[in-house]
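If you're matching them up, the sequences are chains A and B in order. If you use this note's numbering, the first sequence corresponds to residues 1 to 370, in order. If you use this note's numbering, the second sequence corresponds to residues 1001 to 1268, in order.
There's no promise every hint is true.
Now the stretches of chain A that chain B is said to cover, found in silico as 3 or more residues with beta-carbon under 8 Å [claimed, not checked]: (1) 53 to 63; (2) 78 to 88; (3) 326 to 335.
Since the hints were made in silico from the structure, they are not lab data. Ideal Cβ placement from N, Cα and C applies to all residues, glycine included.
Residues per chain, in single letters:
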Amino acid sequence: MAALAINDAPDGRRTLRLSGRLDATTLPELWDAARRAAAAVPAAPLVIDAANVEYCDGAGVALFVDLLRQPREGKVEVANLAPTYAALLNQFDPEVLAHDLDPAAKRRPAIEELGFAAYGVWGDIRTQLEFIGETVAALGYAIRHPRTVRWRDVFRICEQVGADALPIVALISFLLGMILAFQSAVPMKRFGAEIFVADLIGLSMLRELGPLMTAILLAGRSGAAFAAEIGTMRVNQEVDALTTMGLSPVRFLVTPRIIAALLMTPLLVLFSDLIGMVGGAVTMQSFSIPIVAFLKEIDSAVTLTDFLAGFVKSFVFAVLIAGVGCLRGLQTRAGASAVGDAATRAVVTGIILLVVVDGLFAVAYYMLDI
Amino acid sequence: MSVNANSAVADDAKRLDDVIIRVEHVDAGYESALILQDVNFEVRRGEVFGILGGSGGGKSTLMKHIIGLNPPLAGHIYIDGDDIVTAGEAQLERIQRRFGVMYQSGALFGSMTLLENVRLPLEVYTSLPDDAIDLVARMKLELVGLDGFTGHMPAELSGGMQKRAGIARAMALDPSILFLDEPSSGLDPITAASLDATIRRLSQSLGVTFVIVTHDLGSVFVAMDRVILLDRRAKGIIAEGDPHRLRDETTDPRVRAFFRREAEPVAT
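With the rest of the complex left out, here is chain A (with noise of 0.2 Å):
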């Protein structure tokens, strides 16, 4: 235990006497009071009597630097300290510590924080300028000299961004078309239209909901993994070595992604298409409509231009999945959290992006007439 005790001499000096087993355990209470008891004369001199202490670790050692550092009128001193805890206290320079060396900066006023806030959007469009840039001459050249091409990784990462992707894709879809199903067939039964529900399914997985489910799921799945993995070696300074070992990170990391992101998106939103059919298919059958007659009936409502309205976009979806995924890889900065700032920026801009350009194929399909 440690103790302390207050002697005012005569001449008006102060002495605290410490005793005991000066360390964290000990001092919590102790420390208030040794302060206070210095801080109530301010004027007069100050004498710690460390004769009696038995023990005396950092934490012991921080009380006596505190008393010393604390600003008063009178001198202060530390007496009797036994020398090898001395020797630790001899260390440190009170006056050093009396004051914050680092402290936290200041708050910008808020119309700082507003422009520094739009220089960053602005910093961040030109840098998306460049990698579109950048990413579209790796691909010409790519295509230019296909031998270039990583295939060993393209392969690996389509089966990462692929066939691992089926099972999510197809339970989502499965999912998506009984959903859509039940909640149009109630109400259509009321007048006698239950059959339509597969023109409705079969219109709206493959114009929209076939791509763009598939699309969200990819850019959660594997725009977050680009992002992390890219993250991940930009960290380490993997992606640094490849600079310097002159190896464009864009052709080496970037090209791979987007190859693999092309050839397995329009696969896996075909497969959500007919999975998401098939769950309206077999909903329907608890409204008495057969498998055939739904199917014949999607036959007859659905057209080859709906089909292809939707293929077409998950072209576009997987240059944007693989191309933000990456582009938040490369510019993540350092330390642990980045890399899941990254991953989390990959997924949030990649659905808006997302949302966004599936709108304006909206758009564009209307004013078109398709």
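Fit chain B to the given chain A structure using the hints.
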């Protein structure tokens, strides 16, 4: 005066006889690879103990076994009498609270400033007033020469500075044992020398036991009382004792090569 000196010597002798870590018949490695076989050694309270060896010799693996991160393939490791190998989760946590560890890269939390990193163990395990915790943390950072960087994020610092901050965090609670994994690699010679001096001072004044994994011979001869030398091919300890004596008196060519920085002897 002479009585005091004698009693100090007796105290030192007593302290050094007191075993704080005992490694018994330990097979070190992972399930897929046995790196060291039947390792036995003791670390005495208050000494600066070095685990030396070439790259891939099992130094860091052995340290991971001793600090309870990975269980050894066989054997027992006693910290202050408690077996860390057979300890349950709660007991392991109690044992681990007695020591501090500095990892090779510093292993600082990237989302916290240096000061917050060092404050963390103090906030969790002590009830000191907030500004006292601040002061203790700043003093630890000053000990490793980083007082001017308290508000910096780890990512803003060089590798050597991160490592020093890692040492400060390991020392935050003044543990009785400090494990340091390659503390001086990446440090400039002046900082490395001041770190060696800090280690000696803490060992002598507070009786802190240091277990240091290193292959920095400069630190070995300045700071360490005793060392073991691990060898990858022998799968075990090939030398143990005072590093100066090992350097000057050994007849084993492998040990001599290590301590005299000679190229590895060619097997004949």
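Hints, one by one, checked against the model:
1. Coverage of the region 53 to 63 of chain A by chain B holds in this model, with 6 residues showing a Cβ closer than 8 Å to a Cβ of that chain against a need of three.
2. Coverage of the region 78 to 88 of chain A by chain B holds in this model, with 4 residues showing a Cβ closer than 8 Å to a Cβ of that chain against a need of three.
3. With 3 residues bearing a CB less than 8 Å from a CB of chain B, the region 326 to 335 of chain A meets the requirement of three and the coverage assertion stands.
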